[in-house]
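Asks: Whenever a hint applies, use it, and build me the whole structure from the sequences.
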Amino acid sequence: MNKNEVFIKLPDRPPPSSTVGIIAWTQKNLFSSTTNTLTTILFFYLIYLYIPPFFDWAIFNANFSGSDRSICDANKAGACWTFIKVRFDQLLFGLYFASNPDQIWRPVVALSVFVLILIPLVIEKTPHKKWLLIFLLTIYPIIFIILVYGGYFGIPISNTTQWGGFLLTFALAFVGIVLALPIGIILALGRRSEMPIIRALSVTYIEFWRGTPLITILFMASVMLPLFFPSGVEFDKVVRAMIGITLFQSAYTAEAVRGGLQAIDKGQSEASMALGMGYWQRNVFIILPQALKISIPSIVNTFIALFKDTSLVSIIGLLDLLNMSQTASRSLDWNGYDIEGYLFAGFIFWACCYGMSSYSQKLERKLDTEGRTE
Amino acid sequence: MSKTKIPFYRNPKIRSLFVQFFVLSLVSFLILSIYQTTVSNLIERGIQTSTSFFDDVAPFKIGFSPFLDFDLGKTTYIEVFYIGILNTILIAILGIIASTILGFIVGIVRLSPNWLASKCALVYIEVFRNVPLLLQIMFWNFAVFLATLPPPKKSIEFGFLYLNSRGLHTPIPYVEDELRFNFWIFILLMTVVGCIFLSKWAKKSFEHTGVKRPVFFYNFLIFTILATLSYLALGGPLEFDIPVLGKFNFKGGGQLPLPLFSLWFALTIYTSAFIAENVRAGISSVSTGQLEAANSIGLNRTQTINMIVIPQAMRVIIPPTISQFLNLTKNSSLAVAVGYEEIVAVWAGISLNQTGQAVIIIAMTIIVYECMSLFTSFILNMYNRKVQITER
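Quick note, the sequences are listed as chains F and L, same order. Here the first sequence stands for residues 110 to 483, numbered as in my numbering. Here the second sequence stands for residues 336 to 727, numbered as in my numbering.
Worth flagging that the hints you see were computed from the coordinates, not collected in a lab. We put the CB at the ideal spot given by N, CA and C, even for glycine. Do not take every clue at face value.
In silico lysine-lysine, DSSO-like type, Cα no more than 30 Å apart, as pairs [claimed, not checked]:
| id | chain 1 | residue 1 | chain 2 | residue 2 |
| --- | --- | --- | --- | --- |
| 1 | F | K375 | L | K721 |
| 2 | F | K185 | L | K488 |
| 3 | L | K348 | F | K375 |
Cβ-to-Cβ under 7 Å is the rule here; a few derived chain F residues that face chain L [claimed, not checked]:
| id | residue |
| --- | --- |
| 4 | F152 |
| 5 | W318 |
| 6 | P322 |
| 7 | I448 |
| 8 | G455 |
| 9 | F458 |
| 10 | C462 |
Replies: Structure representation (structure tokens):
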């Protein structure tokens with residue numbers, strides 16, 4: 110008797126047609142009950158009411174050609190993207206680079222280098238990520254300053270007072286994160302220190318800056334900072350804003366890092382103590398590498414908030430992306446096309462923030478499952 | 336057994352004392368030197384820092400001050416400060432109420448089984464929380480409301496509310512006869528007390544007999560009927576000042592000026608996106624095991640939601656939502672961009688420019704916000720403690 114003939118596995122039967130395919134999906138997700146059907150109809154109606162007119166205005170009827178406002182004035186039914194096209198350099202790189210087109214390669218190269226480093230950092234399987242990150246946080250700022258500010262290698266100087274547009278937004282946010290990270294780490298360690306005075310000082314610092322809105326801090330930086338330094342020392346507005354942002358951001362970074370430190374098992378610290386490591390050895394080699402890895406999502410989240418908050422410098426008169434698009438849309442040539450300006454600035458902010466938040470959510474999920482399998 | 340003597344600089348206690356002393360003296364030195372430079376800088380510039388300007392008359396106009404009367408030529412700087420604080424509190428309260436309601440709606444829609452509704456809520460959340468608030472405030476104020484709202488003559492009407500390019504006109508209640516009003520309030524309080532007794536009795540009887548009564552519905556019915564009846568019986572103790580269109584503008588009623596309205600609108604939309612995300616996270620944090628357990632002991636859908644889902648979800652939702660309320664209050668300082676007269680605009684903005692008293696004015700502004708922040712963390716800690724006790 111052939112043993113193999115006792116049990117013959119038949120191939121699986123296909124699932125019933127009512128549970129797979131588009132129709133089943135629609136039935137399940139859109140029309141499963143009366144309320145569900147009504148909800149679908151309501152939301153369909155809302156979408157129908159707002160989305161097609163918006164696309165008509167923004168794309169199908171929009172003006173892209175020409176180089177002055179006459180073409181837009183003739184066709185009011187569509188958006189005036191000609192405005193954005195004409196002022197594109199100014200919106201992205203500020204007044205200096207817009208008026209010196211031969212210099213525009215400088216910010217372009219600086220931002221491209223940043224993107225080129227960022228892409229492998231986001232990809233999961235890149236080796237030596239740590240060194241890339243360290244390069245981005247230490248060497249890259251120097252490259253950025255040499256390229257964008259100039260003054261070395263025969264590159265003409267572009268004064269920070271003439272920085273503007275997306276470039277300024279980027280510079281403020283990047284300075285904020287680069288300087289705030291080390292300060293934040295020190296503060297987070299201080300807040301968890303066993304020395305009462307250090308702890309009290311750190312807590313006071315963190316809670317002080319976290320309790321105040323950024324706009325007050327920017328006012329303070331622009332009005333009071335000159336008073337704090339001897340009369341010879343002068344800062345321009347951009348540097349003052351950078352100092353204000355760094356002080357503010359370091360408190361938030363500290364809280365993000367503290368979250369990571371708290372998540373590390375006490376045994377790690379005890380084990381390294383048993384091995385005879387001192388405080389700094391313990392933290393630099395054992396605790397911080399683990400804690401920082403866990404706190405990357407929350408650091409990214411504070412960075413998203415900072416990136417959005419850099420727009421507040423427009424209130425103290427800096428021409429960042431928001432203020433630049435507003436100023437441009439209020440200039441005589443383009444007066445009245447402010448919706449396009451806001452939408453363009455809003456879209457760039459949205460794209461950057463949405464990208465970062467998707468990345469941090471992905472990372473959070475990954476860390477979450479890693480924790481579960483252990 | 337030889338006892339090796341540890342040198343004093345290796346003693347952790349002494350080292351810790353030394354480090355703390357060193358850091359403390361460094362910080363004190365830093366603060367002291369900043370203080371001294373500031374004082375000498377102020378003297379050099381001829382600015383005398385003193386609070387004497389508090390009683391000077393403020394030479395500018397504040398258009399919106401619903402709680403303290405503003406008289407140009409009479410109101411002093413310190414009163415301007417109070418007006419600023421009150422206006423900040425007003426926008427904070429308006430924003431908190433509206434964004435909580437909208438946030439909960441969007442958060443629940445996000446969890447709807449309907450795919451289309453859920454995706455619409457997702458788009459709402461992802462769009463509005465990833466665009467800077469300042470941009471949103473300016474967009475709504477300058478590009479949308481100022482540009483598209485009609486003049487007062489052609490106001491958009493919602494019942495007794497009128498929206499036009501100057502703002503939102505609303506009816507405001509006022510008390511004509513205090514005796515009747517107080518009597519009405521007394522009746523309402525008694526009704527509430529009665530309702531509380533009713534629900535206590537119902538709970539007791541439920542525990543004894545197992546008969547469940549729709550107490551909430553009864554109470555609602557009793558309260559509405561009694562409130563309406565007593566209101567009518569007392570001949571309307573509360574009068575409403577309804578805005579009426581005059582020749583050029585509305586007369587009577589209350590007015591939310593357009594800057595306040597746009598700020599409120601933008602703050603509500605921005606914060607509600609964050610609250611919606613909290614609500615979604617909170618509700619999905621209730622594990623399916625809880626729902627299955629509730630099913631298996633025979634609770635129906637309403638009971639499961641009221642007794643199992645909401646209490647557990649609220650514990651996750653409330654703490655980050657309170658932080659959002661604080662964020663909203665701090666974010667209301669962006670009013671300076673559209674000209675709503677809250678503390679940063681009138682105090683750290685106009686008053687500072689007029690008097691040049693940077694140090695005092697900025698310090699006072701910061702203290703106001705620090706107080707709000709401390710108040711919020713106090714509430715938060717209290718809530719966390721309460722939740723912790725009921726947990727065990």
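Asks: It remains to establish, for every hint, whether it holds in the given structure.
Replies: Against the structure, the hints come out as follows:
no. : hint             : verdict
1   : F:K375 to L:K721 : holds, 27 Å
2   : F:K185 to L:K488 : holds, 25 Å
3   : L:K348 to F:K375 : holds, 21 Å
4   : F152             : holds, 5 Å
5   : W318             : violated, 10 Å
6   : P322             : holds, 4 Å
7   : I448             : holds, 4 Å
8   : G455             : holds, 5 Å
9   : F458             : holds, 5 Å
10  : C462             : holds, 4 Å
Of the hints listed earlier, the one the structure fails to meet is number 5.
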